[in-house]
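Spelled out from the first residue to the last, the chains are:
2 protein chains.
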Amino acid sequence: MKNINICIAGLGTVGSNVILSLNENNDYIKSKTNLSFNILGVSAKNKFKKRICDIKNFTWCENPLDLLNIKDCNILIELIGEEKGLSFDLVKQALEKKIHVVTANKALLAMNGSELFKIAEHNNVLLLYEAAVAGGIPIIKSIKNSIYLDKINKISGILNGTTNFILTEMEKFNLDFQEVLKRAQSKGYAEADPTNDIEGIDSAHKLTLLSTLCFGSEINFKNNKFSGIGNIHIEDIHNAKKLGCRIKLISESQIIEGKIINVTEPRLIKIENPLANVDGVINAINVETKHLQSLFYAGEGAGGKATASAIISDLFEISNNSKSLSLGYKISELISFQSFDLMEKISPYYLRIVSKDLTGVLSKITSFLNESGISIETILQIPENQNNNNSIPIIIVTHDTKKSSLMIALEKIEKQEFILEKIVLINMDKNY
Amino acid sequence: MKNINICIAGLGTVGSNVILSLNENNDYIKSKTNLSFNILGVSAKNKFKKRICDIKNFTWCENPLDLLNIKDCNILIELIGEEKGLSFDLVKQALEKKIHVVTANKALLAMNGSELFKIAEHNNVLLLYEAAVAGGIPIIKSIKNSIYLDKINKISGILNGTTNFILTEMEKFNLDFQEVLKRAQSKGYAEADPTNDIEGIDSAHKLTLLSTLCFGSEINFKNNKFSGIGNIHIEDIHNAKKLGCRIKLISESQIIEGKIINVTEPRLIKIENPLANVDGVINAINVETKHLQSLFYAGEGAGGKATASAIISDLFEISNNSKSLSLGYKISELISFQSFDLMEKISPYYLRIVSKDLTGVLSKITSFLNESGISIETILQIPENQNNNNSIPIIIVTHDTKKSSLMIALEKIEKQEFILEKIVLINMDKNY
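Just so you know, the sequences run in chain order V and A.
Taking our numbering, the leading residue of the first sequence gets 3, the next gets one more, and so forth.
Taking our numbering, the leading residue of the second sequence gets 3, the next gets one more, and so forth.
There's no promise every hint is true.
[What the hints assert, rightly or not] Computed cross-link-like contacts, SDA-like style, restricted to lysine to any residue with a CA-CA straight-line distance of at most 25 Å:
1) A:K224 <-> A:E346
2) V:K34 <-> A:K272
3) V:K414 <-> V:N372
4) A:K32 <-> A:K73
5) V:K52 <-> A:K292
6) V:K174 <-> V:D281
7) V:K332 <-> A:K73
8) V:K120 <-> A:N36
9) A:K272 <-> V:I273
Derived by calculation from the structure, the hints in this document are not laboratory data.
Bear in mind the structure is a predicted one, so any value in this text is a computation, not a measurement.
Produce the entire structure from the sequences given, and follow the hints as far as they go.
Dropping the structure here:
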């Protein structure tokens, strides 16, 4: 029997579930492996908070840094969740002491991970993070173990449960963004300050790690372009439906012309695409490789149990496989890709143009688009119930077009006196 | 650089794609790992068949058993595909010579794998088979690496592309089974003798391996109950749609009351269940564990490239991870489960009863069901277009019921003189 000694910093839902799971599954794990996971020490803000697990048998440290002084600690689980600060100091010192680290902290790794992964490699220990991306979906290990020698062309997915929950509820109950956000906050699906989720920052953190794993890109959050769902109007969700689509916040990473493009943005996705049918807080990922047209995963992106499952899989990797590389690449082999200019990206686009209800408007709009070489795939029938007597919404789906050309045309159109609102522009999935 | 020497027996689509892929990705693999995969020898029925890959640099063996005499062969890839015979002899002799084996041959492993895995373990070599189950979906490695220390409650999926293609086309083009089968055969999606696919045998082979991985069950094909799609009528597909369902050939393994239940059967699946939306030759798998409510995979279940990708992932596992267990369990720890009696299974059922169009028929049928304690969830509105003037189809969905009780009631009903055809009984998914 091989003893693996663990310390845990942070005992919220996830930390408590890790303890509960290791206790409950102790015999199962021993019967299946030659491993015995022993929790030595724990640390959290409040020792006396009511928890689902019992912590009295573990050494309590007021200061999480003191966990690292506990004798024979093999693995530290970091669940404090700060982007730098204490989380960074703790992980750094653990790695310097040649203690393996498992974390669910995507912000820490995406923003400040480079230095940490270097220390880990230098000290021949692992810094693992299956729980940091898409919760219970084992995407990190799939990339590192299963499609590792295949060439990945593209990875895209729904990496944030909060925003997917909001989009799903907007459609289901025909509600505006702000109303649903309040509901999500009251249910605990959105935080009091929801900025990180709503604006796509959390998704971009996760995509940063995926792009490193898939393409060997240096960890560089600046490679990300992200926009959130705050501007998605219930009207656009209805229009998407009429076009056979749903709007999802999609994170996508690929290499185009030798440059990296990491983008998180709302998109119209065809209903036939499995990503379009992922509802509520579920996460999903689609990978396209040289050998696989599509490899699709869906599962719980958050929650105590699912996240604990991912953390325990990392404990297993550390205990079992000394040849594993934390990022799938040696640090020295990571590539400093240039960022692909999103303005150069070619894709179809959805436009919602609110105009005065005058004759000749549509022909003027289409001629501006035509002048910029943009051809139109669909003009959605103008609804019978107009916003008010003087305005009409015009919904246009373009064929593949370069965003820069489109922006020139839109600027011209917006200057016309019959245009009443800023034009709404939403990306359509390339496979539309 | 670590040299890994490979021999390949069988050069059909899959074998040729493995060679092509290793050649094309050679530099990529070397740059990412310290591995160099070298193909030493190959064997196939016809040396001179036109192939997508060049084989002139490899030692040619007329007899695949001669591959094992090639010096320094580390891994044999078996792609002959026989259930016993030459495939068995070759794999056995390879393992006896302490050569690792990678195979896509589910029939071989499900029917005759026990002996082979024993030899592999005894000789401390691996016998891997990622390609044997669900092609490009990395389900074997996910179970062995990612959810290995979680307790699996249930695994279910669509494991056969041919039958899923047929069911999809029946619905899409409103055609009967036999017609679509012919189309599938002409497109190469179904074999000249389609028995193994159509009757669920191929799915049951794959499920046998999954049930061992998930529950530590001894490899025992006899644990499987399987029925195919040959009796699925286009009418039932239409009725399923009216019930908000689609019919899929589902393979499912779980432990109930300490007994194993491995079943492959057509089922009505609610459209909200991702398995219901898997179309064409795609395979899909859903896993439920103690920690994960649902972990869903979908991808290509066959085809040269997808299968080659799975095979290469096995080459990587062998080259990289000496601690891996072929089945995830030591052979001595595998459990000889009793089979759960399907008659004891509780689930809702779909019935199509063709009766004479007489008053009082429905009340007689429902009272027979009632006598056996079976309650009815839905009676589908009898369609306006009747089969002919004298017969009506009555569609009934039951609540959860024990199959044995249902069979007693159906036997009584079938004896009634107003019943015109054998009653069609299709399982509904438990989550219906």
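Hints, verified against the model:
1. As the CA atoms of A:K224 and A:E346 are separated by approximately 18 Å, the hinted pair is consistent with the 25 Å bound.
2. A distance of roughly 35 Å separates the Cα atoms of V:K34 and A:K272; the hinted pair therefore is violated under the 25 Å criterion.
3. A C-alpha spacing of about 12 Å is found between V:K414 and V:N372, which places the hinted pair at or below 25 Å, so the restraint holds.
4. Straight-line distance between C-alpha atoms of A:K32 and A:K73 comes to about 23 Å, which keeps the hinted pair within the 25 Å bound.
5. Restraint check for V:K52 and A:K292: the C-alpha separation of about 23 Å stays at or below 25 Å, so the hint holds.
6. Of the pairs offered as hints, the one joining V:K174 and V:D281 holds, with about 10 Å between alpha carbons and a cut-off of 25 Å not exceeded.
7. Using a Cα cut-off of 25 Å, the hinted pair V:K332 and A:K73 is violated, with the two alpha carbons roughly 33 Å apart.
8. Taking the CA atoms of V:K120 and A:N36, the gap is about 20 Å. The hint holds against a cut of 25 Å.
9. Pair hint A:K272 plus V:I273 holds up; C-alpha atoms about 17 Å apart against a cutoff of 25 Å.
Of the numbered hints given earlier, the model fails hints 2, 7; all others are met.
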